[in-house]
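Please model the complete structure; the sequences and the hints are all you need to start from.
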Amino acid sequence: MVAPTEGVWTQLVGQPAVVADLRAAIADPAAMTHAWLFTGPPGSGRSVAARAFAAALQCPAGGDGTCHECRTVLAGTHADVHVVVPDGLSIGAEEARGLIRVAGRAPSGGRWQVLVVEDADRMTESASNAILKMIEEPPPRTVFLLCAPSLHPDDVPVTIRSRCRVIGLRTPPVEAIADVLVHRDGVDPALAAWSAAASGGHVGRARRLARDEDARLARKAVLDVPLRLVSLAACLDAADDLVGSAKEETEAATEALDGSETEALKASLGVGARGPGVVAATRGGAGQLKELERRQKSRATRIGRDSLDRALVDLAGLYRDALVLDAAAGAPPQLNHPDRRADAEELARRIGAEGALRRIDAILACRHSLERNVKPQVALEALTVALRLPS
Amino acid sequence: MPAAPVEPTSRLRVVIGEEELLRARAVGAVRSAVLGHHPDAELHELAALGLPIGQLADVLAPSLFGGHRLVVVTGVQESAGALADALTGYAKDPDPDLTLVIVHAGGKRNEALVKSFKAAGAAVDECPKVSSVGDRIAFVRHEVRRLGGRITPDAVTALVDAIGADLRSLSAAASQLVSDFGGSIDADDVARFHRGQAEVTGFTVAERVLTGDRAGSIEMLRWALDRGVAHVLIADAIADGVRTAARVASLSSSNPGDLARTLKMPPWKVKKAQAQARGWSIEGLQQALGVAADLNADVKGAAASADYALERAIRRIVTIRIETGRGRTGARR
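Sequence order for the protein chains is A and B. 24 is the number that my numbering gives to position 24 of the first sequence; each next residue is one higher, with no gaps. 332 is the number that my numbering gives to position 332 of the second sequence; each next residue is one higher, with no gaps.
No lab work stands behind these hints, which were simulated from the structure alone. Hints are not guaranteed to be accurate.
[Unchecked claim] Which bits of chain B does chain A cover? Going by a derived footprint, with three or more residues having C-beta under 8 Å, they are:
no.: 1; region: 240–254
no.: 2; region: 274–286
no.: 3; region: 297–309
Computed from a predicted model, the values in this text were never measured in an experiment. Ideal Cβ placement from N, Cα and C applies to all residues, glycine included.
Printed below as a string of structure tokens:
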């Protein structure tokens, strides 16, 4: 049996309780069950935990991290581990039915047929309903691993939750994140400590901040916003900047991808080919191209929304800092953005605890309205106006 | 807009443009001119779509009995390549006893055919789309005059408002009015038979909202919903109007050229926004931005009734303008 700090378990940062539960399930068949639901705040490692668990399930040694089974699972190429990563806005019923077919198979070589659904909160209601029966009673060697941010019924329908064993991940401590950055990614300790503190307990974000200068600059631009908002013109400009940078990020991420995908599909449909029979062969291709376009659009919307959401969470963090500094100026607890303490103090002085709370509310309302498909421009303008500093 | 008078020497004609009524009139004018010269002329009208070349050759071939012929080929933008080639070939060596009219609905398809006709010296009747309101007003005025009537300016505007963009309907309404009222038409005459708003978009609604016209904006909203304008489009137009007004009002400059450059908007839009921003305070615009954002969520499914959400948002924005507006103190005095 592999120790809790070895093999695949090293991937899980600062989650000793979760590791203990999962190891127990590997060691003792009585502690194993057919459906697991990993919950925890973003960046705590829900999907990492699910993949590590999948590797440990397939590995004869319980997850040593070096054997063929472990390596293929972690690389996402294991034949009996099926991972669903929605890159669009939602997982539809059609995709869920595909999952059911996979779940019905016996494992081909491994010990388990594992189905991992990252972002199970993106399953539509009909998708959840479609896989209910399968999750309730899958074939004996099939196991479902679902990941969702919380157990709130908005994220996971109660009917799904009641059929799963819940594993709750916590926000990893700053020291644990810094430690991982230093040891696994070879980041300079000072930078690792800074990015771990600035990441708000999000491991992936901490790594990105530590390794990507652009990410640091983007964060700085976002955190500069609150003190800029002194006039209506400044508010509208700030909203433009936020929406603009989200758009840039989307374009950078989708441009290369969209073009090559479309080309690949066109090539496989035989568009542009010559010779007899081409017309008959390409018939119906337009529908497939349209479907691809729809998926690409959904993905672009998702990337843009995620980028805005990150900015909004950073903003809310700064107002939260202002709030705690105002409430406990003497001995403030840990700050979200320790490097921007001066900004937070300035904000606290100008808007006070009540103002900070109101602004946090406004940010949450804005995230909510973005989720409901409000035009980003409109939502962000309303937000920056609500965040405007009193003159 | 009458068709150009038929030159007796021109045996090739092209009628081209998007406006169906004008095309039909141009063809009609040619037909009557030909019949005027040659009362016993043979008339052929063929649709280009699916027309066999043999049939075309049949009507283009010299007649056994002599006499003049008029051949009209409609919809040549849809003609097959071989047919277009046949027409081009004929244009190089036209028959003096035959008038050939090709009717093209505008656009890029089979443009080469039209060009070759023009190169061969064909007379061209242009029937461009009548898109602006000003052009439509001019059209109605011309229609009435052509039928021997007179119409007052406010009557023309009312008629165009009520009927919209369809030239055939406008023309029919004009001739009906002339025959009903014996030639002199004023706004009351128009109002007896035509009422309402044929063309109303989200922008029409937004304009009324921003100028604080409560009754007018609700009226336009009802018309827009009645005409099937999507809720989202109306909400977007309102949000866009509020935002542009806020943009213009929040900058200290009032020079339209400067503003257009800073805001990257066309000057006409800046001028319009400046007019709309008048009477708004910064505070009011800030509140209105919030209302516009709520409305955007509401029309996308957050509200039980999008109709009601729109109406409520419009009332709120107008109220905000009145309560916080710059003209407030002046109005109370």
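These are the hints, each one checked on the structure:
1. 240–254: holds (count 6)
2. 274–286: holds (count 3)
3. 297–309: Result for this restraint: holds, n = 4.
No hint from the list above goes unmet by this structure.
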